[in-house]
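Turn these sequences into a full structure, and let the hints guide you.
Going down the list, the sequences are from chains A and B.
Numbers 83 to 327, taken from our numbering, label the letters of the first sequence in order.
Numbers 40 to 542, taken from our numbering, label the letters of the second sequence in order.
Keep in mind that the hints were calculated from the coordinates and are not lab data.
Just so you know, these numbers come straight off a predicted model, no measurement behind them.
All C-beta atoms, glycine included, are put in the ideal place defined by N, C-alpha and C.
Check each hint, because a few of them may be wrong.
With beta-carbon atoms standing in for the labels, derived distance ranges [said to hold, decoys possible]:
no. : chain 1 : residue 1 : chain 2 : residue 2 : range
1   : A       : Glu229    : B       : Arg287    : 54 to 62 Å
2   : A       : Asn241    : B       : Ala230    : 56 to 64 Å
3   : B       : Leu517    : A       : Asp142    : 17 to 25 Å
4   : B       : Leu58     : A       : Gly143    : 40 to 48 Å
5   : B       : Leu526    : A       : Glu187    : 53 to 61 Å
6   : A       : Asn241    : B       : Arg173    : 21 to 29 Å
7   : B       : Leu112    : A       : Glu229    : 53 to 61 Å
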Amino acid sequence: MTPVLSLVEVTKSFRQNGRVLPVLNGITLDVGEEFVAILGPSGCGKTTLLRIIAGLEKPDGGRVVFHGGEARVGFIFQFPTLLPWLTVLDNVALPLRANGMSWSEARERARKYLSLVGLQAFEDFYPRELSGGMKQRVNIARALAVEPTVLLMDEPFSNLDPLTAESLRSEILDLWTLGVTTVRAIIMVTHSVDEAIFMADRLVILTPRPAKIAGIVEVNIPRPRDRRSPEFQKLEDKVYELISA
Amino acid sequence: MVDAAYLMLCAGASLARMLAAYFLSVVAALILGTAMARSRAVERALLPILDILQSIPILGFFPAALAFFVRVLPPGAGAEAAAVFLIFTSQVWNLIFGVYTSIKSLESQLFEMAKVYKLGRAATFFYICAPASRNSLVANTLISWAGGWFFLTSSEIIALGAAEYRLTGIGTFIMESFEKGDVESFYAGVAALLAVILATYVLLLNPASEEVLGRRLLSVHATYAALHGLASAAWSALANALVSAERRLRAPPLAAKIAAAAAVAALALAALRGARWQPFDASGLLPLFVEVAEQLPVSLARVAFIVALSAALSLAAAYLSYTRAGAAALVALAGEVLASVPAVVWWPLLSALALGSPLGPHLVAAIVLLQGSLWYLYFNLIVYGLASLRRELDEMASVYRIRGWWYVRAVFAPSLLPSLTAGALSAWGGAWNATIAAEYATFGGRVIDLGGVGALMNKKAAAGDAAGVAATALLLSLVIVAVNKTLWRKLFQLVESRYGGGE
Chain A
83 MTPVLSLVEV TKSFRQNGRV LPVLNGITLD VGEEFVAILG PSGCGKTTLL
133 RIIAGLEKPD GGRVVFHGGE ARVGFIFQFP TLLPWLTVLD NVALPLRANG
183 MSWSEARERA RKYLSLVGLQ AFEDFYPREL SGGMKQRVNI ARALAVEPTV
233 LLMDEPFSNL DPLTAESLRS EILDLWTLGV TTVRAIIMVT HSVDEAIFMA
283 DRLVILTPRP AKIAGIVEVN IPRPRDRRSP EFQKLEDKVY ELISA
Chain B
40 MVDAAYLMLC AGASLARMLA AYFLSVVAAL ILGTAMARSR AVERALLPIL
90 DILQSIPILG FFPAALAFFV RVLPPGAGAE AAAVFLIFTS QVWNLIFGVY
140 TSIKSLESQL FEMAKVYKLG RAATFFYICA PASRNSLVAN TLISWAGGWF
190 FLTSSEIIAL GAAEYRLTGI GTFIMESFEK GDVESFYAGV AALLAVILAT
240 YVLLLNPASE EVLGRRLLSV HATYAALHGL ASAAWSALAN ALVSAERRLR
290 APPLAAKIAA AAAVAALALA ALRGARWQPF DASGLLPLFV EVAEQLPVSL
340 ARVAFIVALS AALSLAAAYL SYTRAGAAAL VALAGEVLAS VPAVVWWPLL
390 SALALGSPLG PHLVAAIVLL QGSLWYLYFN LIVYGLASLR RELDEMASVY
440 RIRGWWYVRA VFAPSLLPSL TAGALSAWGG AWNATIAAEY ATFGGRVIDL
490 GGVGALMNKK AAAGDAAGVA ATALLLSLVI VAVNKTLWRK LFQLVESRYG
540 GGE
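Below you can see the structure in the form of C-alpha cells.
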C-alpha cells in the first residue's frame with residue numbers, strides 16, 4: 083500500500099472551565115489509496131480528528147504527514163456552508179479564485195465539477211433557491227473542484243432526508259470507483275455503522291473519549307453492496323461489538 | 040434677491056461634505072467592524088471604547104477637535120476637515136456596530152470553509168465579511184444619513200472665541216440670510232436644503248433599501264441603478280486586484296508593514312503637534328465640577344422627558360405604518376426628511392414661536408431635542424422592530440379577536456420592546472448631544488440661554504475656552520456612561536429576559 087497520508091501519535095485536548103479535557107489519545111494511522119470511514123460513539127473526537135487532518139486545528143502532539151508533495155484537501159462539511167450572496171457557480175469557483183486562478187478559469191473548472199454532480203443547469207441559482215440535497219451537491223462539487231488528493235467528509239449525509247441521502251451515497255461511490263476525480267483517498271466521519279460498511283474499504287473504530295483506535299475492520303465485500311447479504315450483516319455485528327466493547 | 044447660483048454652490052458644497060464623511064464612515068465601519076468581529080484582541084480593545092464614544096455628546100468635543108485640526112492643517116483646510124470629522128462622528132458608530140454584529144452572527148462554519156480552502160484575508164473580507172454586512176450597512180445608513188444632516192450646519196459656522204470660521208455651505212447660507220434679514224433667501228435656503236435631503240433619499244437611499252431590504256419606500260430607481268452599477272464595478276475591480284495581490288504576496292510583505300508603521304507614527308506625530316494645548320489649569324477643575332453639577336439636573340429633566348416623548352411618538356408612528364400599509368411609505372419618508380432638518384435651522388425657522396412668548400424658547404428647544412433623539416427610536420422600531428413582529432402572534436390575535444388597544448398592549452408593544460429599548464438608549468445619547476444645540480442659540484443678534492449643561496458648553500465655546508468645553512463634555516460623558524452601565528444595563532437585561540428571543 084502506498085500511503086497517501088499518515089497520522090503519527092496525534093494527541094489533542096481541550097480546555098473547558100479551567101479543566102483539561104483529553105480528546106485524542108495518540109492516534110496512529112496510515113491511509114493509502116482507499117476509502118476510510120471513522121466510526122465511534124458520539125462526542126469521541128472523530129470530528130476533531132478530521133479537523134486536524136484538514137488543518138482547522140493544530141494537534142497538541144504528533145503529526146499529520148501528507149506523502150508525495152502538497153496537501154490538497156477537499157472538505158465536505160456537514161452543512162452545505164454556502165455563501166448566500168454568491169451563485170452556485172461562484173460558490174464553487176471562489177476557492178479557486180482565491181488561490182490564484184482568474185475568475186474565468188475558476189468558473190470553467192467549477193462548471194466541470196457542477197456537471198459531475200448533475201447541477202450544470204443550476205449554476206446561476208442562489209443557494210436559497212435550492213433544496214437541501216442540491217445544496218449538499220454544491221458542497222461536494224466545491225470540494226472536488228480544488229482537485230484534492232484527500233477528500234474529507236464530516237457526516238455528509240446526516241442532514242438530508244433518507245432518500246436523498248441514499249442517492250448521494252451512490253453518487254459519491256460512483257465518482258470514487260470510476261476514478262473521474264483527482265481524489266486518491268477519502269476519509270469520512272460518520273456515526274452510522276450501516277453507512278460506513280456500505281461505502282468504505284476500511285473502518286477505523288474509535289473508543290470513547292479520550293479516543294484511541296479500538297479496532298480496524300476491512301470491508302472485503304464487492305460493490306455494489308447489498309445491506310441484506312449475510313456477510314454485510316456479519317460485519318455489522320462485528321463492528322457493533324467493537325464499538326460497545 | 041436670491042442668488043440662485045451661489046445657493047446651488049452652497050448646497051453642492053454641503054452635499055460634498057456629507058458624502059465625504061459618509062464615505063469615510065463606511066470605510067471605517069467595514070475595517071473596524073470586520074477587525075472587531077474577527078479578532079478577539081481587537082474586539083476586547085475597541086468594544087468598550089466605541090460603546091462610550093457612541094453615547095457621549097460628541098458635539099462637546101468639537102471645539103477641541105477644531106482647534107486640533109486648525110493647528111495641524113492650514114486654517115481653511117483645518118476647518119473643513121473638522122466639519123467632515125464632526126459629520127463623521129455623527130454617522131459612524133451605528134455603522135460600525137452594524138458591520139460587527141452582522142459578521143459576528145455568521146455561522147462559524149463559513150470561516151472554517153474559508154480556512155480549509157485557503158481564502159486569504161482579502162478574499163475573506165471581500166467575499167464573506169463585506170457581503171454579510173451589506174444589509175445592516177444599508178439599514179443603518181438611513182439613520183446615519185439623517186444624523187449627518189442634523190449636525191451638518193452646526194459644523195459650517197464655528198465660533199471659537201474671537202475666531203470664527205464660516206465654510207461655504209447651505210447651513211452658512213441660511214444663517215447669513217437670516218442675519219441679514221433677507222427673508223426671501225432664508226426661505227429659499229431652507230427649501231433648497233429640504234430639496235437636497237429629499238432628493239438624496241428618494242434617488243439613492245430609498246431605492247437602495249428597497250432593493251436590499253425589500254422595504255417599500257418612496258423611490259426613483261434610475262439614478263441609483265446607474266450609481267450602483269458604477270460602484271459595484273469599482274468594488275469588484277478592487278476585490279479582484281487585492282485578492283490577486285494577496286495571492287502573489289502570501290505573507291504580508293515587509294514593505295507594507297513598514298508603510299503601516301510609518302503611517303501610524305506620522306498620525307501620532309501630527310496628533311502630538313495638534314495637542315499642544317494651553318497648559319490646563321487643574322485648579323479650575325473644582326469650580327467646573329460645581330458648575331456642571333448645578334446645570335446637570337436641568338438638562339437631565341429635559342432629556343428624560345424627551346426620550347419618553349420620543350418613545351411614545353415612535354410607537355404611534357410604528358403602529359400607524361404597520362396597520363395602514365398605504366401610510367407606511369409616507370410615514371417613512373416624512374421621518375427621513377424631518378430627521379434630517381439640521382438643528383440650527385429650527386431656531387431661525389421658528390423664530391416667531393421662539394420670541395413670541397416666554398414659553399416659546401422652551402418649545403423650540405424641545406423640538407430640537409426631539410429632533411436629536413426621536414429618530415433613533417423611530418428608525419429602530421420601523422426597521423428592526425416591525426421585522427421582529429411574529430406572524431403567528433398576529434394570527435393568534437386575529438383568531439381570538441384581540442384588537443385595538445388590547446392588541447397594542449398585549450402583542451404589538453411587547454414584541455417591539457427589545458428594539459424600543461435599544462432605540463431608547465441611542466435616543467438618550469442623541470438627546471444629550473442635542474442639548475448643545477437646544478439649550479443655547481444665537482440668531483439675528485439675539486441670545487437664547489435656557490440653562491443646562493448644553494448651554495454651559497456653548498458659553499465656554501463662545502469664550503474661546505476649548506479645553507473647558509472638552510472638560511465639561513468629559514464630565515458629562517462620565518455621568519452618561521455611569522447611567523448606561525447601571526440603569527440601562529438593568530433595563531436591557533429585564534427586557535431581554537422577558538421579551539427577547541423566541542418562546
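* Please flag the earlier hints that this structure goes against, numbers listed from lowest up. => Violated hints (numbers, rising): 1, 3, 4; every other hint is consistent with the structure.
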